[in-house]
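Student: Could you slot chain Y onto chain A? The hints should help.
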Amino acid sequence: MSPSTRHEFQSPPSAARRWESAALWLFRIATYVILICGAGVFGNIVVKGSKTVFTSTAPFINVAFFTEAPESLYVFEYQGQKREMGDREFRAFKTTHPEAKDIKAESYVYSAGGIFPCIVGTVLLVLGSMMIALTLGVSAAVYLSEYAKQGRAVTLIRLAILNLAGVPSIVFGLFGLGLFVIYLDWNVSLLAGWFTLAFMVLPVVITASEESLKAVPKGFREGSLALGATKWQTIRKNVLPYALPGILTSSILGIARVAGETAPIMFTAAYVVRDKLPWEGLTSVSDFFFQGVMALPYHIYVVSSKIPQNEYTERVQYGTAFVFLVIVALIATCSIVMRNKLRNRYKW
Amino acid sequence: MDIKSPFTTPASGRSIPVTPAPVGPTLIDIDHVDFFYGASQALHDINLKIEEKKVTAFIGPSGCGKSTLLRCLNRMNDLIDGTRVANGQIKIRGIDIYDRSVDVIELRKRVGMVFQKSNPFPKSIYENITYGLRLQGRSSKSDLDAVVEKSLRGAALWDEVKDRLHTSGLGLSGGQQQRLCIARAIAVEPEVILMDEPCSALDPIATVKVEELIQELRTKFTIVIVTHNMQQAARCSDKTAFFYMGKLIEFADTRAIFMNPANAQTEAYVSGRFG
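Order-wise, the sequence lines are chains A and Y.
Position one of the first sequence corresponds to residue 1 (our numbering), numbered consecutively onward.
Position one of the second sequence corresponds to residue 1 (our numbering), numbered consecutively onward.
This is chain A alone, in the form it adopts within the complex (with noise of 0.2 angstroms):
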């Protein structure tokens, strides 16, 4: 038989078989849409970004980007050269040479100097939203699947919140504006940016809590109340430690990712420009909750839109996004290794 000829398990052509490669071909062509468009943006960032934050000679990172503020950039021409200086040395340059005093120079706003104070800003942001939405989700989901009595009223409350995690950022923007900002008399503050981040956030802490509790055994609480055990007693010693990994791990991914909105924080707590660190110039601990701060989101959309773009903010534009990445990243890897690691304590 020569193996041209049919044989019984040779595939008939049908209309199944055509679909079954069409199917196979969409899926996997949809893939890697997906796959280059992340590699796409992903890659835009990293090598655009690298270029300001790493640098050719050692110590290879641009050290000053992450440790000054943003200052203006000037570009000018000198004996034939041209220059480019931050604002502070170029102050410094007119003074050490005077015939320079009166040199033309083109201005570039927050080109120069590195971005600091949002990165501290951004940590402050995220540390204080993070104990607020974990201290108000983590007792809601407690009250809520360990307390509550099931029935309509809980079903309606867990829709509501559900419904909360689909509100655009920029509601929960105007809302924390209306409420801290306004009424409370918060002004533009650190604390009216956690309590909007922390309600941001608070749909993802509470369904994630309520999921972990839910996947303690029911034979921990048993067991813990038939020893007499009240019932607090019984959440705190037998039911939350296990439930915790999990609670951490997708509560600090919802706040990383809600650290990245720019929307929530651009009313209630980001500054274009603020010369003092949030620990400068204090007079009473108070002040440090009413203060607003730069935030590295914030301060791309700052630099991306609210001045002439040219291949100078370009840079910063870059390296802003490029460390915010990475600062996303390295919370998100930090949760998870938390997780593991609580996760090989309690094993059941």
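One should not assume that every hint holds.
[As the list claims (entries may be wrong)] Dumping the calculated DSBU-like pairs for lysine-lysine here, alpha-carbon to alpha-carbon at most 35 angstroms:
hint : chain 1 : residue 1 : chain 2 : residue 2
1    : A       : K218      : Y       : K150
2    : A       : K104      : Y       : K141
3    : Y       : K91       : A       : K149
4    : A       : K341      : A       : K149
5    : Y       : K49       : A       : K104
6    : A       : K218      : Y       : K141
7    : Y       : K123      : A       : K306
8    : Y       : K123      : A       : K237
9    : A       : K214      : Y       : K49
10   : A       : K214      : A       : K341
11   : A       : K218      : Y       : K220
12   : A       : K104      : A       : K237
13   : A       : K237      : Y       : K220
14   : A       : K149      : Y       : K123
15   : Y       : K247      : A       : K149
16   : Y       : K53       : A       : K231
17   : Y       : K91       : A       : K231
18   : Y       : K209      : Y       : K162
19   : A       : K341      : Y       : K123
20   : Y       : K220      : A       : K231
21   : A       : K149      : A       : K82
22   : Y       : K141      : A       : K231
23   : A       : K104      : A       : K82
24   : A       : K231      : Y       : K123
No lab work stands behind these hints, which were simulated from the structure alone.
Tutor: The following block gives chain Y in isolation, referenced to the frame of chain A:
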């Protein structure tokens, strides 16, 4: 005492004279109890007196209400929304445990429980045993050490685990885990131990160990055990209650139930004709 062997079959065939065991003082008095899950009635007019320092077995087919009644005795049913004891009273030493003045926490300290599925906490063996004590604020190391040893010896587990008290309780075998749960229950020194099918997930050898343990525990505790396994009830209980469809069909000395049941349904069940 001249006890006629209950195992001799008299000529009449039906009525075997069983010498009733001496009646001890009643510890738990279940008095005309009706129990509901929402709208459906799970227990109908249960009347039962459980004697002190005896092993009382609840037997019956699935869904007959035996576990429900057991969980009424330490009010574990309170955890399920919509459950209630509609009529009747359950008294322990004359105190109605469903009375408003009763603190369910105090009740559960006195009425311990061992569950069907062994549920050691994902902590060390030591921490499992001391869990109940720490809840009561006992924290002195020598005190806890002593209780751990006493409880583990009481649960016939000490020799097997004394060298690894600080390893996870989940590392034990199924039978050991169940005995750990028993040790945990007796550590808080309850008067009553409720056992909800404690051997249903265990292999025969582990089952024998737990049954032997029950024989030892009966000298100190009042034990109520729910079981699917009739041989188990016959082997290790003094009194047996047979339930069917939420009703108590027959309650008598275990020997009487198995050798000479008064009720036809009981006889059909213990002889394996249904269930």
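Student: All hints are to be evaluated individually against the structure, with a verdict given for each.
Tutor: Against the structure, the hints:
Of the supplied pair hints, the one linking K218 of chain A and K150 of chain Y holds, its CA atoms being roughly 28 angstroms apart against a limit of 35 angstroms. The hinted pair formed by K104 of chain A and K141 of chain Y fails the criterion: a straight-line CA distance of about 80 angstroms is larger than 35 angstroms. Simply put, K91 of chain Y and K149 of chain A have alpha-carbon atoms about 28 angstroms apart, close enough for the 35 angstroms limit, and the pair holds. Between K341 of chain A and K149 of chain A the CA atoms are separated by roughly 34 angstroms; this keeps the pair inside 35 angstroms, and the hint holds.
Proposed proximity of K49 of chain Y and K104 of chain A is contradicted: the alpha carbons are some 104 angstroms apart, above 35 angstroms. At most 35 angstroms may separate the alpha-carbon atoms for a hinted pair to count; K218 of chain A and K141 of chain Y meet this at roughly 30 angstroms. At most 35 angstroms may separate the alpha-carbon atoms for a hinted pair to count; K123 of chain Y and K306 of chain A exceed this at roughly 57 angstroms. Proposed proximity of K123 of chain Y and K237 of chain A is supported: the alpha carbons are some 11 angstroms apart, at most 35 angstroms.
With a C-alpha separation of about 38 angstroms, the suggested pair K214 of chain A and K49 of chain Y falls outside the 35 angstroms cut-off, and the hint is violated. Of the supplied pair hints, the one linking K214 of chain A and K341 of chain A holds, its CA atoms being roughly 21 angstroms apart against a limit of 35 angstroms. As the CA atoms of K218 of chain A and K220 of chain Y are separated by approximately 29 angstroms, the hinted pair is consistent with the 35 angstroms bound. Our distance criterion of 35 angstroms between C-alpha atoms is broken by K104 of chain A and K237 of chain A, whose separation comes to about 70 angstroms.
Note on K237 of chain A and K220 of chain Y: the hinted pairing holds, with a Cα-Cα distance of about 30 angstroms set against a maximum of 35 angstroms. Between K149 of chain A and K123 of chain Y the CA atoms are separated by roughly 30 angstroms; this keeps the pair inside 35 angstroms, and the hint holds. As the CA atoms of K247 of chain Y and K149 of chain A are separated by approximately 29 angstroms, the hinted pair is consistent with the 35 angstroms bound. Distance restraint check for K53 of chain Y and K231 of chain A: the Cα-Cα separation of roughly 30 angstroms lies within the 35 angstroms cut-off, and the hinted pair is therefore satisfied.
A threshold of 35 angstroms between alpha carbons decides the hint, and for K91 of chain Y with K231 of chain A the separation of about 24 angstroms falls inside it, so the pair holds. For the proposed pair K209 of chain Y and K162 of chain Y, the alpha carbon gap of about 18 angstroms is at most 35 angstroms, so the pair holds. About 16 angstroms separates the Cα atoms of K341 of chain A and K123 of chain Y, which keeps this hinted pair within 35 angstroms; it holds. Straight-line distance between C-alpha atoms of K220 of chain Y and K231 of chain A comes to about 29 angstroms, which keeps the hinted pair within the 35 angstroms bound.
Between K149 of chain A and K82 of chain A, the direct Cα distance comes to roughly 74 angstroms. Violation of the 35 angstroms bound is thereby established for this hinted pair. A hinted pair counts as satisfied when its Cα atoms are at most 35 angstroms apart, and K141 of chain Y with K231 of chain A qualifies at roughly 26 angstroms. Simply put, K104 of chain A and K82 of chain A have alpha-carbon atoms about 12 angstroms apart, close enough for the 35 angstroms limit, and the pair holds. Simply put, K231 of chain A and K123 of chain Y have alpha-carbon atoms about 19 angstroms apart, close enough for the 35 angstroms limit, and the pair holds.
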